[in-house]
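K.L.:
According to this note's numbering, the sequence shown is numbered sequentially starting from 497.
Hints were generated in silico from the structure; no laboratory data involved.
Only a predicted model underlies this, so the values are computations on that prediction, with no experimental measurement involved.
Glycine residues also receive a C-beta, built at the ideal position from the N, C-alpha and C atoms.
Careful: at least some of the hints might be erroneous.
Claimed, not checked - Below are the BS3-like pairs computed for lysine-lysine, each with C-alpha atoms no more than 27 angstroms apart in a straight line:
no., residue 1, residue 2
1, Lys637, Lys610
2, Lys569, Lys520
3, Lys504, Lys514
4, Lys567, Lys506
5, Lys520, Lys552
6, Lys637, Lys567
7, Lys506, Lys561
8, Lys506, Lys520
Stated by the list, open to error - Pairwise CB distance ranges, derived in the manner of DEER restraints:
no., residue 1, residue 2, range
9, Gly638, Tyr544, 44 to 52 angstroms
10, Trp607, Lys506, 43 to 51 angstroms
11, Ile596, Leu639, 26 to 34 angstroms
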Amino acid sequence: MIMIDYEKLKEAHELCYKLAKQEKSLIEINYNHRVDHTGQASDTYSLYGVLGGGHKFSLDGLITKLKELTKPKPKYEVGQEVWNLYRPSQEPFNYRITEIIENNRYRIQTWKHKTDHGICVENELYPSREALIDAQIEYWKGLNQDEIVPIEDMRPKFEGEIKGFRCFDDELEVKRCEHEWEYGNRATYKCRTCGNLKNDNQRN
């Protein structure tokens, strides 16, 4: 008896949903369980909506194919002209893509002399000289708009009025002060312990 791995099935479903959004179309997976006359059982998963439809996979094979189909596609192609800032002078310079590497990285060479220039990530490259210059203008504009914030403005401003507050511990036992009054000719009728003043009834 073949047991279905529902965790893998869930992963396949999530990848299928991602692919459907990416392709903006209906993606269908059909599950087939077959048993022959000897009792040998087999499970296959058919993928429709891409690859011409009807391709059959095992569950692991289906997940591998869906991961491949949902992998981000490179923005540029081998042989395409791209632009980047030439490091020493920071001037726009054109290059040719010679290899596409995983994780949106590209190996490039100088367009004119075909000298290897190493590897660049996708967000460092631009499709034209104008696009590169526009991006640099926006970058410098953003730096110009950054303002130094005074320290006093970093403190959160308080709004409203403090009316007072009380904090209590439910297990705290509140005890009354056993007043010790001041006596004598210069007595102020003030408790020596808590500082409360004696009222008229207590003075008698």
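K.L.:
Mind checking the alpha carbons of Lys506 and Lys520 for me, to see if they're no more than 27 angstroms apart?
P.N.:
holds, 21 angstroms
K.L.:
Would you mind confirming whether the straight-line C-alpha gap from Lys567 to Lys506 stays at or under 27 angstroms?
P.N.:
Holds. Lys567 to Lys506 sits at ~18 angstroms (cutoff 27 angstroms).
K.L.:
Hey, Lys637 versus Lys567, does the alpha-carbon distance stay inside 27 angstroms?
P.N.:
violated, 34 angstroms
K.L.:
Holds or violated: are the alpha carbons of Lys637 and Lys610 at most 27 angstroms from each other?
P.N.:
The hint is violated at about 34 angstroms.
K.L.:
Using the beta carbons of Ile596 and Leu639, state whether their distance is inside 26 to 34 angstroms or not.
P.N.:
Given about 32 angstroms between the Cβ atoms, the range holds.
K.L.:
Could you grab the alpha-carbon distance between Lys569 and Lys520 and see if it respects the 27 angstroms cut-off?
P.N.:
The hint holds at about 15 angstroms.
K.L.:
Would you check the hint for Lys504 and Lys514, treating anything up to 27 angstroms between C-alpha atoms as holding?
P.N.:
Holds - the C-alpha atoms of Lys514 and Lys504 are around 15 angstroms apart, at most 27 angstroms.
K.L.:
Can you confirm whether the C-alpha distance between Lys520 and Lys552 stays at or below 27 angstroms?
P.N.:
holds, 22 angstroms
K.L.:
CB of Gly638 to CB of Tyr544, is that within 44 to 52 angstroms?
P.N.:
For Gly638 and Tyr544 the Cβ distance comes to about 47 angstroms; the hint holds.
K.L.:
Is Lys506 within 27 angstroms of Lys561, Cα to Cα?
P.N.:
holds, 15 angstroms
K.L.:
Just to be sure I understand the hint, the distance between the Cβ atoms of Trp607 and Lys506 should be within 43 to 51 angstroms; is that true here?
P.N.:
holds, 48 angstroms
Of the numbered hints given earlier, the model fails hints 1 and 6; all others are met.
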